[in-house]
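*Asks:* Chains as they are written, first to last, in this note's numbering: chain A, 385 to 765; chain B, 8 to 297.
No wet-lab data here; the hints were simulated from the structure.
Don't take every hint at face value.
[Unchecked claim] Derived contacts from chain B toward chain A, CB cut-off under 8 angstroms, selection only:
{"#": "1", "residue": "ARG31"}
{"#": "2", "residue": "PRO33"}
{"#": "3", "residue": "PHE258"}
{"#": "4", "residue": "ASN278"}
{"#": "5", "residue": "TYR279"}
Glycine included, each C-beta is placed from N, C-alpha and C at the ideal position.
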Amino acid sequence: MKPAVLTGEYFMTGDVACAEGALAAGCRFFGGYPITPATEIAERMAIRLSHVDGCFIQMEDEIGAMASVLGASWGGMKSMTATSGPGFSLMMENIGLGICTETPCVVVNVQRGGPSTGLPTHGAQGDMMQARWGSHGHYEIIALAPSSPQEIFYLTITAFNLSEKYRLPVLIMTDEIIGHMSEKVIIPEAKSIKTVSRPKPKGRKDRFKPFAPGPNGVAPMPAAGEGYNLHITGLTHDEKGYPVMTVEAQTEMMARITEKIQRNLDDIIRTDSYLLEDAEIAVVSYGISARTSIAAVAEARKLGIKAGLLRLVTIWPFPEDQIRKLADRVKGFVTVEINLGQIHREVERCAGGKVPIFLVGHPGGTIIHPDSVVKMLMEAF
Amino acid sequence: MEEIPTPSKEQPHHPLDDLIRTDRIPHIWCPGCGIGTVFSACLAALKASGINLQKTVMVSGIGCSGRAAGYVKLDSFHTTHGRAIPFATGLKLANPELNIVVFSGDGDLFAIGGNHFIHAARRNMDITVICVNNLNYGMTGGQVAATTPYLAKSTTTPAGNPETPFNLPLMAYACGATYVARWTMLHIRDLTDSITEALCKKGFSFIEALSPCPVNYGRRNKQKPLDMLKLYQEKAIIKNDADPATLDIDFEKGIILGKFIDLDRPTFIENYDKIYRPSRLQENVPELNS
Ligand SMILES: Cc1ncc(C[n+]2csc(CCOP(=O)(O)OP(=O)(O)O)c2C)c(N)n1
Ligand code: SF4
Ligand SMILES: [Mg+2]
């Protein structure tokens with residue numbers, strides 16, 4: 385028997401650190417389906433949830449896994465699943481249900497090479513746009529990208545906290561390399577970990593409206609069985625949760641689920657930087673590729689190139705302001721990612737044609753070598 | 008739309024009004040549709056069962072039958088097409104105190120959601136599943152379903168269904184359900200009693216309720232709204248404990264109704280507690296080896 389927070393210093397893989405972060409955040413339900421390179425998260429949760437009176441279930445597929453995660457959340461537990469590309473595709477419809485019904489939960493995608501079965505045991509960052517738009521309809525989502533096992537531990541806690549605060553599925557977009565690499569992970573004392581839980585409604589139960597936004601745009605959330613006679617549907621619904629098939633109701637609901645994110649960007653968006661203050665060229669990267677980029681920036685500096693790194697920790701909502709401000713002062717951008725230009729397009733959009741922007745991309749299967757970034761920094765500017 | 012006034016508490020319009028979201032009436036079901044009758048039987052059973060209704064949840068998928076969750080005055084979840092059972096699984100595991108009724112259609116539970124049905128039955132997840140079997144996809148306009156009889160017409164089998172339908176009670180039994188019954192919406196007493204029994208029983212319970220869809224199935228199969236009800240009356244053979252393998256629906260020879268299976272085996276949660284949850288049963292759990 386082990387406590388929920390395994391305070392101590394470890395040599396841990398990213399997948400295991402992710403599971404430990406989830407437990408520290410208060411996650412007590414995991415519904416999953418095995419898939420490389422995310423399986424180790426499920427395996428760790430299978431044993432660790434039993435230590436903390438939680439529940440693990442291996443579902444029959446990822447569609448069921450995602451549905452069970454939403455059900456568990458309405459049952460009152462912080463819940464999560466973890467998968468990789470093919471499973472992420474199968475989860476999309478129910479991620480949309482989570483968005484529409486404002487259901488807190490965390491979905492981890494340990495990315496591998498795609499499309500299709502792709503490269504099961506090799507890393508990639510090719511699902512970044514799927515994370516943004518993979519479920520049908522227009523919506524806002526939160527996605528975070530950790531760069532190390534230590535960071536995935538903390539970001540998993542952050543993911544739960546954001547999901548509880550804003551009532552939506554939060555995605556952790558990591559990759560096979562982070563998931564499978566072992567590094568030092570320090571797990572702090574339980575009392576130093578800040579966790580957030582969905583606000584509970586107060587006042588008369590019969591007057592409660594599960595979708596009437598509170599001060600930060602988010603409604604408090606009861607669980608099933610608490611006497612609220614909730615009705616929760618994926619149909620367009622009013623504040624009471626009742627289906628209403630009108631343009632007005634659609635407009636109102638869409639405003640609710642998008643504005644709660646758009647109005648709280650400062651709280652949600654996290655970025656990090658390295659030698660960016662005086663940089664003339666901004667390298668923009670995230671996840672494992674940000675580590676490539678740090679090495680490349682350090683090397684470029686030695687060569688007299690004034691490069692700096694903007695590391696995106698929050699990918700969605702996209703840190704638009706941060707890019708726009710940089711576009712006003714740098715000579716250009718280089719995006720580094722293991723795909724053929726997904727976040728690159730976002731950087732390009734936000735830079736608004738003010739300065740040139742180049743991609744150091746890779747179709748997937750390996751990390752990007754720092755040399756290819758240095759080469760780009762030398763040749764492009 | 009004209010507002011229907013909510014009846015006052017003192018003079019309920021209908022004995023089941025307190026279980027209905029009267030502010031959502033009129034419902035969407037067509038005249039002659041059987042879903043409302045199955046729904047009423049379910050509500051009557053909820054009352055008769057004596058279970059704590061504050062701890063009772065209805066989960067539906069998508070379809071005409073799936074709209075039930077929108078009318079019941081309980082915590083109710085209208086999920087995605089086919090996914091009511093895995094959603095209910097998560098709810099139940101997060102809070103085992105909840106009584107969970109899945110109320111949905113044949114297409115929802117057995118075509119798109121078939122995989123979840125068989126696994127929930129195998130696990131003996133402690134939920135009650137009620138399937139309104141109207142032999143087709145009503146909501147989308149009458150397409151063929153996994154329950155449509157051989158040669159029956161539908162919009163996607165315009166010259167007749169070339170496929171063989173499922174025998175639902177057999178499937179439930181084969182997958183491990185601990186309670187299996189079939190009635191038609193005409194056998195309202197038996198149906199209500201079966202649902203009541205299922206609600207009070209632990210384990211995976213399955214009730215198939217045959218129900219007419221005059222608008223989309225009847226119309227294409229030369230059945231007037233009352234014809235299906237006549238068939239239910241004339242062709243019903245009540246045979247409790249019948250061998251599930253003999254339960255194929257045959258409107259010529261007869262439709263066997265009754266309670267077929269009623270047995271006990273440990274539920275998923277009972278087994279999970281035994282093996283994994285020390286705090287609930289004070290037993291050893293596997294150690295972490297890393
Ligand atoms: C993923 C998905 N595919 C298709 C549909 C369209 N759809 C809505 S209801 C339905 C069939 C419902 O049939 P059934 O479950 O038998 O319910 P009934 O309307 O007959 O009561 C379909 C195919 C959908 N909503 N979602
Ligand atoms: S289409 Fe058929 S199943 Fe749907 S409400 Fe009408 S009669 Fe009932
Ligand atoms: Mg049907």
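*Asks:* The structure should be examined with respect to each hint, and the outcome stated for every one.
*Replies:* Here is how each hint holds up against the structure:
1. Given hint, ARG31 (chain B) at the interface with chain A, holds; its Cβ is 6 angstroms from that chain's nearest Cβ, closer than 8 angstroms.
2. Violation of the interface hint for PRO33 (chain B) is found here, the shortest Cβ-Cβ separation to chain A being roughly 13 angstroms, above the 8 angstroms cut-off.
3. The beta carbon of PHE258 (chain B) is not positioned within 8 angstroms of any beta carbon in chain A (closest approach about 33 angstroms), and the interface hint is therefore violated.
4. Hint status for ASN278 (chain B) relative to chain A: violated, with the closest Cβ pair at about 12 angstroms, above 8 angstroms.
5. The interface hint given for TYR279 (chain B) holds, since its Cβ lies 7 angstroms from the closest Cβ of chain A, which is under the 8 angstroms cut-off.
In summary, the structure is inconsistent with hints 2, 3 and 4 from the numbered list given earlier, while agreeing with the others.
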